[in-house]
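Undergrad: This is what each chain is made of:
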Amino acid sequence: DTEVTQTPKHLVMGMTNKKSLKCEQHMGHRAMYWYKQKAKKPPELMFVYSYEKLSINESVPSRFSPECPNSSLLNLHLHALQPEDSALYLCASSQDVPGGRTYEQYFGPGTRLTVT
Amino acid sequence: ELKVEQNPLFLSMQEGKNYTIYCNYSTTSDRLYWYRQDPGKSLESLFVLLSNGAVKQEGRLMASLDTKARLSTLHITAAVHDLSATYFCAVDKASGSRLTFGEGTQLTVNP
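Protein chains in written order, with our numbering: chain A, 1 to 116; chain B, 117 to 227.
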């Protein structure tokens, strides 16, 4: 099974709402990633979890809060977002070894987020 | 800071023609990835290039890696409409679990 799943597929939220994005993989990967992608741009890395610990935070605003409850699940909690946060949010996973080299990343289908 | 440059950024070509997309990167790396993205969809892994001189082919696409020149190419042979998509190269920095993506090449294949 080389699938990464994400829910929901689409999300519309107001600036005062709290919502969560979910990501799941069953490939035994120990590295999981959140990316943000604006239209016609490459994905921008937000967070990396390695062995369920946050290893990289790319200076993401605190209104985005990641969580890795176990090795298969990755959440992104959203609170007080701004309209400019509207984007496609992609989750990915890969094998990982101590020392941090990344391997091929498998991407989920993404959540299309619209902030009104 | 690792920089990855793709060119061209936009490519319109006729079916049946050949063309090459280039991906240059600025610092030492021995891992390069090519992804395809259809509009509104996620990224699909096309090729993983793990060493100097690596060449991989799948259908009408062939990718190569020259780590000394810090250059990868994605060659399209006898293009068909189904190849229309955005193609990203991404480089794995030698010392960390982070991919740096190029800006993407938006390919349109016209009948």
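Some hints could be false.
If the Cβ cut is set under 10 Å, some of the chain B residues that face chain A in the computed set are [stated by the list, open to error]:
| id | residue |
| --- | --- |
| 1 | Val120 |
| 2 | Asn140 |
| 3 | Arg147 |
| 4 | Gln153 |
| 5 | Leu159 |
| 6 | Ser161 |
| 7 | Ser200 |
| 8 | Thr224 |
Since the hints were made in silico from the structure, they are not lab data.
Keep in mind that this is a model prediction, so the values were computed, not measured.
Glycine included, every Cβ here is placed at the ideal spot set by N, Cα and C.
Undergrad: Flag every earlier hint the structure violates by its number, smallest first.
TA: As far as the earlier hints go, 2, 7, 8 are violated by this structure, in ascending order.
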